[in-house]
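Chains S and V, in that order, are what the protein sequence lines are.
Heads up: the first sequence begins at 0 in numbering that gives the first Met the number 0, then just goes up one per residue.
Heads up: the second sequence begins at 0 in numbering that gives the first Met the number 0, then just goes up one per residue.
Please keep in mind that the hints were generated in silico from the structure rather than gathered at the bench.
Owing to the predicted nature of the structure, the values given are computational and were not obtained by experimental measurement.
Don't be surprised by glycine CBs; every beta carbon is placed ideally from N, CA and C.
Label-pair ranges, simulated between beta-carbon atoms:
{"no.": "1", "chain 1": "V", "residue 1": "E75", "chain 2": "S", "residue 2": "N193", "range": "30 to 38 Å"}
{"no.": "2", "chain 1": "V", "residue 1": "G103", "chain 2": "S", "residue 2": "V47", "range": "57 to 65 Å"}
{"no.": "3", "chain 1": "V", "residue 1": "K100", "chain 2": "S", "residue 2": "A326", "range": "23 to 31 Å"}
{"no.": "4", "chain 1": "V", "residue 1": "T10", "chain 2": "S", "residue 2": "R157", "range": "24 to 32 Å"}
{"no.": "5", "chain 1": "V", "residue 1": "A105", "chain 2": "S", "residue 2": "E78", "range": "37 to 45 Å"}
{"no.": "6", "chain 1": "V", "residue 1": "T10", "chain 2": "S", "residue 2": "G164", "range": "25 to 33 Å"}
{"no.": "7", "chain 1": "V", "residue 1": "G103", "chain 2": "S", "residue 2": "P288", "range": "29 to 37 Å"}
{"no.": "8", "chain 1": "V", "residue 1": "F111", "chain 2": "S", "residue 2": "A249", "range": "56 to 64 Å"}
{"no.": "9", "chain 1": "S", "residue 1": "E16", "chain 2": "V", "residue 2": "F111", "range": "33 to 41 Å"}
{"no.": "10", "chain 1": "S", "residue 1": "R157", "chain 2": "V", "residue 2": "D61", "range": "32 to 40 Å"}
{"no.": "11", "chain 1": "S", "residue 1": "T255", "chain 2": "V", "residue 2": "F111", "range": "50 to 58 Å"}
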Amino acid sequence: MTPAPDIPAQIDQIYREEYGRVVASLARRFGDLDIAEDAASEALITAVEKWPTDGIPPNPGGWLTTTATHRAIDRLRRESLRDTKHQAALMISDDTPHEPTGLVEDDRLRLIFTCCHPALAAEARVALTLRLLGGLTVEEIARAFLVPETTMAQRITRAKAKIKGANIPFRIPDTSDVTDRLGAVLAVIHLVFNEGYLAGSGDDPLRADLTDEAIRLGRILRRLLPDEGEVAGLLALMLLTDSRRSTRVAGGELVTLDEQDRGAWDRAMIGEGHTLVRECLSRVASGGPRPRTYQLMAAINAVHADAPNARDTDWSQIAQLYDQLYAVSPTPIVAMNRAIAIAELDGPDVALGIVDRLDLDGYHAWHATRADLLRRLGRSVEARAAYDAAIAASENPAEKAYLGRRRDQLSAAG
Amino acid sequence: MTQYMLSVNHTGPYPDPTTDEAQAMFAATGAFNDKLMASGQWVFGGGLLPLDTSTSVDGTGDDVLVTDGVFSESKEYLGGFWVIEAADLDEALKLGAEGSKACGQAVVVRPFASE
Chain S
0 MTPAPDIPAQ IDQIYREEYG RVVASLARRF GDLDIAEDAA SEALITAVEK WPTDGIPPNP
60 GGWLTTTATH RAIDRLRRES LRDTKHQAAL MISDDTPHEP TGLVEDDRLR LIFTCCHPAL
120 AAEARVALTL RLLGGLTVEE IARAFLVPET TMAQRITRAK AKIKGANIPF RIPDTSDVTD
180 RLGAVLAVIH LVFNEGYLAG SGDDPLRADL TDEAIRLGRI LRRLLPDEGE VAGLLALMLL
240 TDSRRSTRVA GGELVTLDEQ DRGAWDRAMI GEGHTLVREC LSRVASGGPR PRTYQLMAAI
300 NAVHADAPNA RDTDWSQIAQ LYDQLYAVSP TPIVAMNRAI AIAELDGPDV ALGIVDRLDL
360 DGYHAWHATR ADLLRRLGRS VEARAAYDAA IAASENPAEK AYLGRRRDQL SAAG
Chain V
0 MTQYMLSVNH TGPYPDPTTD EAQAMFAATG AFNDKLMASG QWVFGGGLLP LDTSTSVDGT
60 GDDVLVTDGV FSESKEYLGG FWVIEAADLD EALKLGAEGS KACGQAVVVR PFASE
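Excised from the complex, chain V in its bound form:
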């Protein structure tokens, strides 16, 4: 078994949650989550609030530096993710494809280091 992160990268603004489209997406994502939990493949997952709610904190120096926002602006940002457990990459890709269909975004599948 390998743990994989399925990350959902957004570009552009968050979808407006009040639209029917977004509601359908939430429902599909919820159903996918339920399925992962039922099959025992669920480790963790969740959606993140918009990027402008993030705060950077740098504790590498003598003083802890806290700043509003992220370190570097990029076109892509993390909107949410799942951590799943799968037998191998083929199984993870299958789940990635289902998750992608549910949330309406492409998904990046990346293995965790094993130890």
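Okay, chain S solo, but in the shape it has when bound:
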């Protein structure tokens, strides 16, 4: 059989898609991430050797898991011959049948809760999730977060050592858990998305690799926890936001929501986002828990997606949703975004009064918001200073370019 020329690319894609399942299954069975990861890599080497001649098996994920399990057992057998005390000898005689699909999905859920455990440093949670569930290489994760590969490798190694040493379990937390475990998982996925949506540093203003990965993780979580409103809310938020991706940068400049070409927004993503938001609303209407941060942010973005152009935006609904959001998450950033809706309803002077009272001096978007409100009020000298402050505080090249152009359009007169 002649190998198809694109087999290596196919293997690469299958491996990335299946990596999380393979590692999760082996981590549960052997209780050790290093064994799971090493065996997954060995299974890949075997696939690269065999598939080009034998063809890709009908169930490549199952094939990779079975092969990796055999490799892990081989390794444990070798080690137990060297070290008779090795507890792993017990596992070799473990002849539990292959887990049906439902339990395999549970394995991935276990693993994401382990990766996002609050006992791990926040930056390590993101890195571990991308590595173990996303199947990204250490080099790719290092590049995504602009740290040297050795630093990222150490971060991941240290986190895995803590999981092992402190005995962080591979388990879906129960309701008696002392901390908000699901919230920690959602925060990691949202952080990966945000880093891609408006890159905080580096030369690329948008990082589609990161937003795509976050949406993929969001979909996995949604499949695993279909009844959790906040899980649906986060996925909806990411889909609705990302539907605007192709219109958000033009000529190296960020394009603000009111100036985007709405005809080019991705209708399929918007449709999927809307369906999720409606599902959240009906869950609340039928007596479910009050919507929290992600559901409310998704609803706000659904209102934007509904408006055929910026002038038709239902700002009073957006302001009401921001009121609800502020009630569950009373942060100055929420207050600022609420003020942007207030500017449309009650005028930029009222909004500026709110914005000026917020303590957000180090935040680029606060300066940019002030600049825009001052510009609309014709206070050019103050607007110019605010644009300068926003440009200085931003790390994103497309945002800097946009703010620079806006500043240069100000009339010379104050």
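Chain S is already provided as a structure; the job is to place chain V on it using the hints.
Here is chain V on its own, set in the frame of chain S:
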């Protein structure tokens, strides 16, 4: 099963044991200890006398050196600890949270080396 040290770090002076507040804390800590013993998770535990009762001894050289106090002054010092046995970190954190509530101090949860 993993053994964990739950250490209670103090900053500032010891609480005055004669106050009602301290008495309530002792009672809550005693109840927590009883619970650990009843569930079989108790390995060892206790409260330490104030830092100025400590003596350093260095036997690494030819002569044994004995000095009053600790090696280095730091803002935090160990006030007491538990050694517990738990299935995993989640269970240890649950106990840590209960112990912390009982004694009125934050608790550091740290695993023992297994062998």
